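Student: Using the sequences provided together with the hints, build the complete structure.
Protein chains in written order, with the working numbering: chain A, 1 to 799; chain B, 800 to 925.
No lab work stands behind these hints: they were computed from the structure.
Remember, predicted model here, so these are calculated numbers, not experimental data.
Hints may be right or wrong, so weigh each one.
Below, a list of computed lysine-lysine pairs in the DSBU-like style, where the Cα atoms sit at most 30 angstroms apart [what the hints assert, rightly or not]:
1) A:Lys-469 - A:Lys-554
2) B:Lys-804 - A:Lys-606
3) A:Lys-75 - A:Lys-299
4) A:Lys-550 - A:Lys-439
5) B:Lys-909 - A:Lys-605
6) A:Lys-606 - B:Lys-867
7) A:Lys-605 - B:Lys-873
8) B:Lys-804 - B:Lys-867
9) B:Lys-873 - A:Lys-606
10) A:Lys-605 - B:Lys-823
11) A:Lys-550 - A:Lys-469
12) A:Lys-692 - B:Lys-823
13) B:Lys-867 - B:Lys-841
14) B:Lys-855 - B:Lys-823
15) A:Lys-606 - B:Lys-833
16) A:Lys-474 - A:Lys-554
17) A:Lys-439 - A:Lys-554
18) A:Lys-205 - A:Lys-349
19) A:Lys-475 - A:Lys-525
20) A:Lys-606 - B:Lys-823
21) A:Lys-210 - A:Lys-75
22) A:Lys-205 - A:Lys-75
23) A:Lys-475 - A:Lys-554
24) A:Lys-349 - A:Lys-439
25) B:Lys-913 - A:Lys-605
26) B:Lys-804 - B:Lys-873
27) B:Lys-867 - A:Lys-605
28) B:Lys-855 - A:Lys-692
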Amino acid sequence: MKVKHHGEEFIEQLSGISLSRLYLQDMLDRLTTSVATVMESNVCALLLLDDSRQTLLLMSSHGLDKRADNTVRIKVEQGVSGRVVREKRTIAVNDVRTDPDYHLVPETGEEWFLSMLAAPIMDGEECVGVIYIQNTDQTEYPDSEIEKLSSLAKSVAGSIRVAWRLEQTRRKAEVLSELNDFARFCSSTNDIDQITSTIINYASKLIGSKIEAIWLTSDDDSLSGSHYPESVGDIEWMRPIREGIVAHSFRNKEPVRIDDINSETRFEGLDRVAKCSVLCHPMVFHESVIGVICVGDRKARDGEYCYPFSGEEDNTLAAIAQMSAEAIVRAGIHKQLAENLNEHRRNVKELTILFQLSLAMQRTISLDDLLAMILSCVTVGEGLGFNRAILFLHDEGTGVIKGKLGLGPSSGVEAENIWMAASEGRANNRADLAGWLVKSNFAEITKSRFHQTAISYETSIHSQESLAKVLRNKKPLNIKGNGESSLSDSGLTQLLQNDQYAIVPLIVRDTALGAILVDNFVTRKEITDSDLEILTRFAAPAAWKIQNVKLLEKLASVNTELLNMERQMARVEKFLALGEIHAELAHELKNPLTSIGGFARRLEKKLDGGSDEHYYSSIIVNEVERLESLLTNTLEVTKEGSDSTLQSIDLNSVVEQTVDLYWRAMSEMGIRISISLAADLPPINADYSRIKQVIINLLINAMEALSKSEEGTYRMVEIRTESVHDNRSAVRFSVSDNGGGIPPSHIKDIFNPYFTTKPTGTGLGLSLSKKIVLLLNGVMEIDNRPGVGVTFSVTLPAS
Amino acid sequence: MSRIKILVVDDEENIRLLYSEELKEAGYDVMTAKDAFDADRKVAEFNPDLITLDIKMPGMDGIEYLRKFRENDKTTPVVLCTAYSDYKKDFKIWASEAYVVKSFNLDQLKATIKEVLEKRGISDED
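Tutor: If you want it as structure tokens, here you go:
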């Protein structure tokens, strides 16, 4: 080997380099070229330790593949350079092939060089890098050469250090500027996907990794992959990671740095995400880990090589992780707020609708109007906005569920017409909804074709129809359909010509009154769970109101019945009050009358049959007889109903026995008697003698009416009994005659006590009969045909 | 031969007179009493074969008197005279032999008395 002396020339060059305001790279390139020339070697290379002090980075080379500059990294444990750093002395190797420390870096193309001389670049006591030369032949470097390189290394150390620091500062400023951009971006968006992809971009740009990924915590506190590069595409990335590097970093809230994954032994179930190096940082926000950011395989300039990450890169990732954590948490909070706001808006809308509906519902007590309002509210845009709705009611007595009202178009064309018509006079905003709902017209709605379709539907509560199931389970049902199913699946699907609909039951105190069905037949808009939720909440007050109105209607009919009964009672009371006075009076009259009549009879008997006195006495006797009969009847009228004994009576036999008594008398009057008795008459609870008295009174009335008709005319009395099935089971008997009827002017008086048209009548027969019937909860009716005849009929409840 | 004795109990003087005249005419011995206390005395004094008893009387009414009377005398027939026809449903008058509804026409009363006496086997020959 030849040794050349270019001492002075070199020093000159060297001072030129160090003094010039060059960038580090230029300075080092010139330096390696100069050193190679001065040392007359094929190769000169310079490596510097990074911040971690664990890795040497090839900064510049002369005679090697320039693409390796700033790419190749060697760990301080490796190779001859590593030993120089460790031992802080110049080392010469004659033949690298025999040196155990030698570490081939293939990217540089150094395989051609056999000898190597490497010197440490010292900064005081500290080694900051290595400069070495290589030659293609086996060379034993003389001491002078070794000394020369050592002193060269010493003389350039200061300049390199300054330039290196300067360069590092410049790069840090660059990174900081990028991080600043990153931070600005992070705060400019709340879209979590945008944030994560930006994180990935910046990580890749600032750190120079091949692979980047982010995991975020999910609700169950496990991790799930949220972002990974397409190039990886391994399903592993998306799986929740429970063990390995990422999980370790997450659980222990500490970064993990791996230079070579193939020699790594610390982690079980090592993630197979990177080929060589990995950096992993937890994303921590206020002490809690919200995720992990991970980069893998420090890029080489090209090719398949990868290297460990530098300390600066580790720091940069730490900064990114910190900023990312804040951005992601903020975006999460924003998303939550937005959801809350939406829910709040939905609640306000819902409450407004419910409030407006309840306002409208307060204004009606008619079930029909109420149902019309409910369906209007379900279908109007300012309300729940469904296309169509049907209200079904369930009859608990029969177990039948029936369509009661349908509102909506039966075709798209009809929909347009209806909506055009409805938009006139439609509420402008939700606040007017109540006013608009009140105008819902039941009769108008029932004219529609869809209503006719709706009310044609009927099913049993026990059937397999979806409607019956909803009522049985008391839970809403959203039938999404699949758009293709055959329409014969369900009666409702066929009815609606639509397999997407929802049903909500109307429940009051655990009883299903009915249900509301909705669909979006025209718009084909999907019924969401949130739609169904609103409808369900809406159904509760609607059901209560329906129940109330039904009760009101029932109450009204009970009230009418009560009023009727009260009127009847008032009549009875009038009789009773009247009767009490009569009883006193009659009793007081009875004894004097007995004396008057008794002695008149004695006179009559004692007096001569042809004398005027006898005749006068007989007048007294006759008159007393009439008065006594009046008194007896009066006392009968005033008897309380409770005095009589009720027993089960066969009306037919009472009628037969009573008619028997008068058979002869009527026959003698030439009256034709026709009796028709119903065979299946139920027994009644009554007082035998009272009923008999009523029949007698009616027979006598008929006979008296007939006695007025001319002798020889056709006289007829017809007596009938029959069963009546009205609200309750009852029996009826009637007595008809053809005696010319009652003059219309007398009709209103015939049931009044003491009203009579007969010369010898007491006027108590009909009023007494009517009273008896009333006391037995029966009804006496009169069918009067003036000029023809009259029919009295008595209806009594069966026992 | 002694005649059958009938005690008429009634608070109305005219009624007592009417009953007594009619019954005497029918062949009975008649004595009258104006109330329950009077009746007690007359029963002891007169020892009637039959009593007609008005129900509605001041003081002790006929039904009450009948109950008291029956405590000592289980056999003497009593015919109750009522203003109403439905007293027959009152168990309290079961203690009487019969009852008649009061009327100015005493035919019914006389027929009833006759019937009761015959049933008891009481006749003029006793």
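Student: Against each hint, give a clear statement of whether it holds in the structure.
Tutor: Here's how the hints hold up against the structure:
1. A:Lys-469 - A:Lys-554: This hinted pair holds, its Cα atoms lying about 28 angstroms apart.
2. B:Lys-804 - A:Lys-606: holds, 25 angstroms
3. A:Lys-75 - A:Lys-299: Holds, at about 16 angstroms.
4. A:Lys-550 - A:Lys-439: holds, 21 angstroms
5. B:Lys-909 - A:Lys-605: holds, 16 angstroms
6. A:Lys-606 - B:Lys-867: Not satisfied, since the Cα-Cα distance of roughly 40 angstroms exceeds 30 angstroms.
7. A:Lys-605 - B:Lys-873: Not satisfied, since the Cα-Cα distance of roughly 38 angstroms exceeds 30 angstroms.
8. B:Lys-804 - B:Lys-867: Judged against 30 angstroms, a Cα distance of about 21 angstroms means the pair holds.
9. B:Lys-873 - A:Lys-606: violated, 39 angstroms
10. A:Lys-605 - B:Lys-823: holds, 15 angstroms
11. A:Lys-550 - A:Lys-469: holds, 24 angstroms
12. A:Lys-692 - B:Lys-823: violated, 39 angstroms
13. B:Lys-867 - B:Lys-841: holds, 15 angstroms
14. B:Lys-855 - B:Lys-823: Distance ~24 angstroms between B:Lys-855 and B:Lys-823 Cα, so the pair holds.
15. A:Lys-606 - B:Lys-833: holds, 27 angstroms
16. A:Lys-474 - A:Lys-554: holds, 25 angstroms
17. A:Lys-439 - A:Lys-554: The hint holds at about 25 angstroms.
18. A:Lys-205 - A:Lys-349: violated, 48 angstroms
19. A:Lys-475 - A:Lys-525: holds, 22 angstroms
20. A:Lys-606 - B:Lys-823: holds, 15 angstroms
21. A:Lys-210 - A:Lys-75: With Cα atoms ~20 angstroms apart, A:Lys-210 and A:Lys-75 stay inside 30 angstroms; holds.
22. A:Lys-205 - A:Lys-75: holds, 24 angstroms
23. A:Lys-475 - A:Lys-554: The hint holds at about 28 angstroms.
24. A:Lys-349 - A:Lys-439: Holds, at roughly 21 angstroms.
25. B:Lys-913 - A:Lys-605: holds, 21 angstroms
26. B:Lys-804 - B:Lys-873: holds, 17 angstroms
27. B:Lys-867 - A:Lys-605: Between B:Lys-867 and A:Lys-605 the Cα gap is close to 39 angstroms, so the pair fails against 30 angstroms, i.e. violated.
28. B:Lys-855 - A:Lys-692: holds, 29 angstroms
In this structure, the earlier hints numbered 6, 7, 9, 12, 18 and 27 are contradicted, and the remaining ones agree with it.
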